[in-house]
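J.: Okay, here's what each chain looks like letter by letter:
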Amino acid sequence: MNLWFSCFLFIIVTPAHIVRLYDRFEALDKEKTGHLRPQDFGAINRLAMNPIGDRIIGAFFSPGQETVDFHSFVRILAHFRPADKKHPKDPSMPEPVNSRTSKLKFAFQLYDQDKDGKISRAELLQVLRSMLEMQVTEEQLESIADRTIQEADLDKDDAISFEEFRKSLEKVNIDHKMSIRFLR
Amino acid sequence: MPALWRSTFVLVMVLLAISRPSLASEDTGNGTENTITTLPIVIWKWEEIHFPYLVALWVLVSWLCKLGEFHICTSVEAVIPESGLLICIGWVLGGIIYGADKVQTFRLQPFTFFFYLLPQIVLDAGYSMPNKLFFGNLGAILVYAVIGTCWNAATLGLALWGCWLGGAMGNIDTGLLQLLLFGSLIAAVDPVAVIAVFEEVHVNEVLYILVFGESLLNDGVTVVLFNVFDAFVSLGGAQIDAVEIIKGIISFFVVAVGGSLVGVVFALLISLLTRCTKNIQIIEPGFIFVLGYLSYLTAEMLSLSAILSCTFCGVCCQKYINANMDERSVSTVRSTMKVFANGSETIIFVFLGISAIDPSIWVWNTAFILLTLLFIFVFRFIGVFLLTWILNQYRLVPLDFIDQLVMGYGGLRGAVAYGLVLLLDENKYKEKKLMISTTLIVVYFTVMLQGITMKPLVTWLKVKRAAVSERTLAEKIQNRTFDHMLVAIEDISGQIGDNYMRDKWNNFEEKWLYWLLMTPIARKSCDPIFNIFHKLNIKDATSYVKEGERRGSLAFVRNESKADVDFNKKFGADFSEMMPYIMTENMGPDHVPVSSILRDSVPSVCLDMHEQDLKMRESEDFDAHHLLQQHLYKGRKQHRHRYSRKHLEVNKDEHEVQEIFQRTMRSRLESFKSAKMGVAPPKKISKHLKKDQPQKVREAYTFSSFPLFSEGDSASGCEAAGGSFPMRAYRGAGIVNPAFMAEMDTMDPMPPMQQIPSWLAEAEVDSSNMVPSQRAQLTLPWTPSNLRRLAPLCLSTHSNDSFLLYMVSDCPFVTTPPQPFM
Numbered sequence: 001m002n003l004w005f006s007c008f009l010f011i012i013v014t015p016a017h018i019v020r021l022y023d024r025f026e027a028l029d030k031e032k033t034g035h036l037r038p039q040d041f042g043a044i045n046r047l048a049m050n051p052i053g054d055r056i057i058g059a060f061f062s063p064g065q066e067t068v069d070f071h072s073f074v075r076i077l078a079h080f081r082p083a084d085k086k087h088p089k090d091p092s093m094p095e096p097v098n099s100r101t102s103k104l105k106f107a108f109q110l111y112d113q114d115k116d117g118k119i120s121r122a123e124l125l126q127v128l129r130s131m132l133e134m135q136v137t138e139e140q141l142e143s144i145a146d147r148t149i150q151e152a153d154l155d156k157d158d159a160i161s162f163e164e165f166r167k168s169l170e171k172v173n174i175d176h177k178m179s180i181r182f183l184r
Numbered sequence: 001m002p003a004l005w006r007s008t009f010v011l012v013m014v015l016l017a018i019s020r021p022s023l024a025s026e027d028t029g030n031g032t033e034n035t036i037t038t039l040p041i042v043i044w045k046w047e048e049i050h051f052p053y054l055v056a057l058w059v060l061v062s063w064l065c066k067l068g069e070f071h072i073c074t075s076v077e078a079v080i081p082e083s084g085l086l087i088c089i090g091w092v093l094g095g096i097i098y099g100a101d102k103v104q105t106f107r108l109q110p111f112t113f114f115f116y117l118l119p120q121i122v123l124d125a126g127y128s129m130p131n132k133l134f135f136g137n138l139g140a141i142l143v144y145a146v147i148g149t150c151w152n153a154a155t156l157g158l159a160l161w162g163c164w165l166g167g168a169m170g171n172i173d174t175g176l177l178q179l180l181l182f183g184s185l186i187a188a189v190d191p192v193a194v195i196a197v198f199e200e201v202h203v204n205e206v207l208y209i210l211v212f213g214e215s216l217l218n219d220g221v222t223v224v225l226f227n228v229f230d231a232f233v234s235l236g237g238a239q240i241d242a243v244e245i246i247k248g249i250i251s252f253f254v255v256a257v258g259g260s261l262v263g264v265v266f267a268l269l270i271s272l273l274t275r276c277t278k279n280i281q282i283i284e285p286g287f288i289f290v291l292g293y294l295s296y297l298t299a300e301m302l303s304l305s306a307i308l309s310c311t312f313c314g315v316c317c318q319k320y321i322n323a324n325m326d327e328r329s330v331s332t333v334r335s336t337m338k339v340f341a342n343g344s345e346t347i348i349f350v351f352l353g354i355s356a357i358d359p360s361i362w363v364w365n366t367a368f369i370l371l372t373l374l375f376i377f378v379f380r381f382i383g384v385f386l387l388t389w390i391l392n393q394y395r396l397v398p399l400d401f402i403d404q405l406v407m408g409y410g411g412l413r414g415a416v417a418y419g420l421v422l423l424l425d426e427n428k429y430k431e432k433k434l435m436i437s438t439t440l441i442v443v444y445f446t447v448m449l450q451g452i453t454m455k456p457l458v459t460w461l462k463v464k465r466a467a468v469s470e471r472t473l474a475e476k477i478q479n480r481t482f483d484h485m486l487v488a489i490e491d492i493s494g495q496i497g498d499n500y501m502r503d504k505w506n507n508f509e510e511k512w513l514y515w516l517l518m519t520p521i522a523r524k525s526c527d528p529i530f531n532i533f534h535k536l537n538i539k540d541a542t543s544y545v546k547e548g549e550r551r552g553s554l555a556f557v558r559n560e561s562k563a564d565v566d567f568n569k570k571f572g573a574d575f576s577e578m579m580p581y582i583m584t585e586n587m588g589p590d591h592v593p594v595s596s597i598l599r600d601s602v603p604s605v606c607l608d609m610h611e612q613d614l615k616m617r618e619s620e621d622f623d624a625h626h627l628l629q630q631h632l633y634k635g636r637k638q639h640r641h642r643y644s645r646k647h648l649e650v651n652k653d654e655h656e657v658q659e660i661f662q663r664t665m666r667s668r669l670e671s672f673k674s675a676k677m678g679v680a681p682p683k684k685i686s687k688h689l690k691k692d693q694p695q696k697v698r699e700a701y702t703f704s705s706f707p708l709f710s711e712g713d714s715a716s717g718c719e720a721a722g723g724s725f726p727m728r729a730y731r732g733a734g735i736v737n738p739a740f741m742a743e744m745d746t747m748d749p750m751p752p753m754q755q756i757p758s759w760l761a762e763a764e765v766d767s768s769n770m771v772p773s774q775r776a777q778l779t780l781p782w783t784p785s786n787l788r789r790l791a792p793l794c795l796s797t798h799s800n801d802s803f804l805l806y807m808v809s810d811c812p813f814v815t816t817p818p819q820p821f822m
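Line by line, the protein sequences are chains U and R. Mind the numbering: the first sequence is residues 1 to 184 in the UniProt record's numbering, read in order. Mind the numbering: the second sequence is residues 1 to 822 in the UniProt record's numbering, read in order.
You may find that some hints are simply not true.
[Claimed, not checked] Restraint ranges, calculated between C-beta atoms of paired labels, are given here:
(1) R465/R - E26/U: 30 to 38 angstroms
(2) R465/R - S130/U: 52 to 60 angstroms
(3) K32/U - M501/R: 28 to 36 angstroms
(4) V254/R - T67/U: 55 to 63 angstroms
(5) Q109/U - M501/R: 21 to 29 angstroms
(6) D54/U - F70/R: 37 to 45 angstroms
(7) R465/R - R24/U: 36 to 44 angstroms
FYI, nobody ran anything at the bench for these hints, they're computed from the structure. None of these values were measured; they are calculated from a predicted model. Beta carbons are placed, not taken as given, at the ideal position from N, Cα and C, and that holds for glycine.
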């Protein structure tokens, strides 16, 4: 493991976590290349049953990259730490990975697959379809998508930008909903 | 308000007046048999009905008190919580009764309390419990309920014992075990009081669920401790050894887990039952109450925790019965539960007040009472802080200090403690009266003082309040996405966490429980996202209609009540039932496409000014649709849809009938002429024909070979013809259309009965079935099928239809003599 990277990691997760996550990383990395590929993620059975599993896997890989190294692995997972309320936000430091904004950005990326900064109706429909597939008809899905866009879309461009996304979720306790306990 | 007080006062006086003779008669006995000498017209039957009468009267008085205190609450500035005011009113009433009777005739009996007043409160609490929140925090709730209550009981009992040994309380005949028992019954946080106080305060949901969940689940511990210590007291101190203590611990698990299991079993029963009650929706809600009550009684019978049983019954069944039952039944259940629960709560508090005005129960021991109060407070806070510190090591979102403070302060005691203390046996517990007095004081203190100061405290400490969540579709969808996301991340990071468990439970539920407990229809539509979408749509639709009515827009200016009713029915009932179908239904070509109107109008109901244009446009669409609705003739079947048991709607519109007939006759005439003679269509049918028609038309139908489709109400004009034509009053098809009759002969070899006119073929959407009228401003396009029906016909020479009558009078060219009609 590259010690240089690990210095960065200390900022975003605690040492105990790093050890655990490294174990997991090695378990997933069957061929011991030091990188993870999409197939390695695919080996996790339960993930295949998850409606948005493949999107999450996709989120680990930066655009253009085929592999994930440990640093990026931890960085993505660090999004799911509960926010640190004790230390006040230092404006000179970059936005911490587990702040509300970063979490929202991560969630936004899951929808916005083509990375144009907006969630179009088609993209929303895809997500809805994967989540609700068995239970509603196609027309109902479309109306739900329409209605959702209508609720959130403030500038009437028939797509949801990041600001509109953030605004529509202002009442939701993102910190609570997007955190994993063991990463505390 | 003075009138209200006067009436309440009068009622109480009536109560007293009535109850005194009843007591007197009970004393003297009713052995005297009166032999009647003459027929009594009216008899005074008080002895027979006095019990139910008193019960009903007391319920009425209690609920009137609630009304009274609401008035006080609004006039005085809502400082005292409702429950506190009810207690005060109870004092007043108790004082009146005591003053009149010199003895407290009415007080809260433990049996009444535990079996008639408490179950519905607990059932309501369980049924309206936010499940996700409850099970999400179940670990914390159990820790507080079990460990917290044990801690409270133990510390209180031991502290009191210490003080008693130290002589602070003077000379009272008690012992360690008795004090421990007293500690256990007063330690429990009371659900009734918590509901009453916290309902007005609106703290954030996590805090609320922790206190509330604790108050419900600690009954398991309370029951066990009470029974265990009671048994120990009976056994005597000497007999208690390790075995008994171990048995006590085991009994805790049996009682708590057993009670919960009983509740779950009954929840399953209820869900299964609602699966089959589709046809008896009228009494469907009743099953919930009966089975809920039975779960309470069953657990009580088996000496398990009845409150736990009732709670888990409500908690487990709510999802399935809400999905299975019709919406009306669901709202019935909800409202009725609230009525019962609230009513019970009111009665409990009023009687708590009344029971206090009874000198016979009061034994005052200042030290005992004050020490109890002090210890309750102190140990509650210590317990909460200790346990929260432990819990925060494991919780995702730790509880902060302010929340802990409020939680400690919210440990209210209430009627359950009072009921338990009344159950004590006087012979075993010499100091029962002291305990009763102390319990009452503690209850009053917590409910009134803590209730009064709760709201200011919460405001002063800036406790996070409950977010008024206007649930939007976006939020709901996003929540779902978050859930999936968290499960995925847990899988990737290889940890088994809450989300993994939750996901597993959801899968299990979907696979097995839905199949077992829900009707097939409910299974499809129970997804929360779809539900909220549906609810939002209905809300929009109804508010749109209301807004239109209010503004008196053009669409609604035709003031036939049917117009509004139709739309409401259309949007309300049709929408909800046909929602899945409206979007997919293939509307015919010749009418206003309803779905597009609905789809456009539904999401955008708001009252912004810049939306006026949009609304005007939509209301124009509505105008069009409404016009069609009004003026287009409805097919026969249309009317049969509005069948009700009360009255039968028949097509009373004679004009409609005649006009259709005239027009079809005319067009037949034209087509016949143009086909036969090659001449231009004749002039309009002259007036005199019209008035002849009603008479002649009916007589002329002598199609011996064709079955007669005739209108029911046209039968009235047919007496003249008598048996000359086969008057089979078919209500099947619509207007008599000879053009149609003849066509059958020539065009379709189908048997006549199956040849249904186009306007009767589909009765789904109204406007597709209209035969257009002359009066309609919009002309409906003629579809090829329509035209075809009125195409030129070739008549056989021996036809003797009425068509020829017209020819005779109108057209000189026809040479075929009219044959005599039989």
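J.: None of the hints should be skipped; say for each whether it holds.
T.: Against the structure, the hints come out as follows:
1. R465/R - E26/U: 30 to 38 angstroms: violated, 47 angstroms
2. R465/R - S130/U: 52 to 60 angstroms: violated, 36 angstroms
3. K32/U - M501/R: 28 to 36 angstroms: holds, 32 angstroms
4. V254/R - T67/U: 55 to 63 angstroms: holds, 57 angstroms
5. Q109/U - M501/R: 21 to 29 angstroms: holds, 27 angstroms
6. D54/U - F70/R: 37 to 45 angstroms: Since the Cβ atoms of D54/U and F70/R sit about 57 angstroms apart, the hinted range of 37 to 45 angstroms is violated.
7. R465/R - R24/U: 36 to 44 angstroms: Hint holds: Cβ distance 40 angstroms, inside 36 to 44 angstroms.
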